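2 protein chains.
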Amino acid sequence: MADSLDALLSVIHSRKSVRNFEDGNKVIPKETLDTIVKAAFAAPSAVNWQPWHFIVINERALLDNLGSLPYAKMLYKSSAAIIVCGDTQVSELYWIVDCAAATQNILLSVEALGLGAVWTAVYPHDERISFVKKLLHLPDNIIPLNVIPVGYPSGTNKPKDKYKPQKVHMNGW
Amino acid sequence: MADSLDALLSVIHSRKSVRNFEDGNKVIPKETLDTIVKAAFAAPSAVNWQPWHFIVINERALLDNLGSLPYAKMLYKSSAAIIVCGDTQVSELYWIVDCAAATQNILLSVEALGLGAVWTAVYPHDERISFVKKLLHLPDNIIPLNVIPVGYPSGTNKPKDKYKPQKVHMNGW
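As you go down the protein sequences, you meet chains A and B in turn.
Numbering of the first sequence is given in my numbering, commencing with residue 52 and proceeding in unit increments.
Numbering of the second sequence is given in my numbering, commencing with residue 52 and proceeding in unit increments.
Hints are not guaranteed to be accurate.
Each pair may be met inside one copy or between any two copies, as identical chains are not told apart.
[As the list claims (entries may be wrong)] Derived pair list, reagent style DSSO-like, types lysine-lysine, alpha-carbon separation capped at 27 Å:
no.	residue 1	residue 2
1	Lys209	Lys77
2	Lys67	Lys185
3	Lys211	Lys184
4	Lys81	Lys213
5	Lys215	Lys184
6	Lys67	Lys89
7	Lys211	Lys81
8	Lys215	Lys81
9	Lys209	Lys184
10	Lys184	Lys218
11	Lys218	Lys81
In short, the hints are calculated from the structure, not lab data.
This structure is a prediction, so every number in the text was calculated from the model and none was measured.
So that you can see chain A by itself, here it is in the shape it has in the complex:
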């Protein structure tokens, strides 16, 4: 118990947004990508509706294409990407939070694997949503929440200490 707690907290506190990758031609094994995506499926979802789909990208041309999105040029050097999508027909009210929880499982798994990733927002920006939907042939009811480049970190990105005790309120504001 203590060991798994220490390990979990270590990953949680070591996780950082990695925007600098070594070499986008270095392949991430398919089994590694499977491990990451399986962790995403273990997230909670409202009413257990599991309103998510995961698009895994490892084709260079598609990664480069996605790199033209705003704030997403790290895709030019990432080895892969995962796009977390919500099915609005399955859970109109909660797909966003459920997909965000699944995203956090992805980011933690990537960190523990010694890889790097960063959440780049697609939703709620209409033009980004349209671009991704068209590129990846997504059905109307499937909305991309984000694009997560995954790659081999150059080691230049470090975790931040963001703890602010004044944002913790005991038994009320």
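On the provided structure of chain A, position chain B as indicated by the hints.
Frame of chain A; chain B shown alone:
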């Protein structure tokens, strides 16, 4: 690396929604609640705006009061609760996903500590938001995303295997 990966994945896949608690009068030490909340602060946030506040509840009367929320009667038997709130003035566009990622860190930490928790939705339900804001004296710009009862699990709740390979799409739909 391998050990911390195994430990992380074990926690991720063991995490379950715990709705059945042993004894709501059994105290969770303040340091344990601090550990959980510190993990929440380590979540990513858009533009690093960190638009979150955490209300920690360990007063029996407040827990019982919150138990009157819809689908939240487990608060009558939980030892504590954490309410994850977003500051809409800090991040109108992204507070929901940032607070959801922080929530996932909370749920994983609770699991690794041998405690139990469950995400009960407040946002986007206006009547639940008003109730929590009034009870806890939240400022206008602070919106509660959820209430997370935390307690000593009775052991009756088990994790689900939710992996569905047909929801993983390689290089497009």
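Results of checking the hints against the structure:
1. Proximity of Lys209 and Lys77 under a CA criterion of 27 Å is satisfied intra-copy only: 22 Å inside one chain copy versus 39 Å between copies.
2. Proximity of Lys67 and Lys185 under a CA criterion of 27 Å is satisfied in neither setting, with 30 Å inside one chain copy and 36 Å between copies.
3. In the homo-oligomer, the alpha carbons of Lys211 and Lys184 never lie at most 27 Å apart, since the shortest distance is 33 Å inside one protomer and 30 Å across protomers.
4. In this assembly of identical chains, the alpha carbons of Lys81 and Lys213 lie at most 27 Å apart only when taken from different copies (20 Å versus 34 Å within one copy).
5. Taking the closest pair of Cα atoms, Lys215 and Lys184 come within 27 Å of each other only across two copies (21 Å); inside a single copy the shortest separation is 38 Å, beyond that limit.
6. For a Cα distance limit of 27 Å, the shortest separation of Lys67 from Lys89 qualifies both inside one copy, at 21 Å, and across copies, at 15 Å.
7. Taking CA atoms no more than 27 Å apart as the test, Lys211 paired with Lys81 passes between copies only; the shortest distance there is 24 Å, against 30 Å inside one copy.
8. Only between protomers do Lys215 and Lys81 lie at most 27 Å apart by alpha-carbon distance; the minimum there is 16 Å, versus 39 Å within a single protomer.
9. Neither within a single protomer nor between protomers do Lys209 and Lys184 lie at most 27 Å apart by alpha-carbon distance, with minima of 32 Å and 36 Å respectively.
10. For a Cα distance limit of 27 Å, the shortest separation of Lys184 from Lys218 across copies, 16 Å, qualifies, whereas the shortest one inside one copy, 38 Å, does not.
11. For a Cα distance limit of 27 Å, the shortest separation of Lys218 from Lys81 across copies, 16 Å, qualifies, whereas the shortest one inside one copy, 41 Å, does not.
In summary, the numbered hints that this structure violates are 2, 3, 9.
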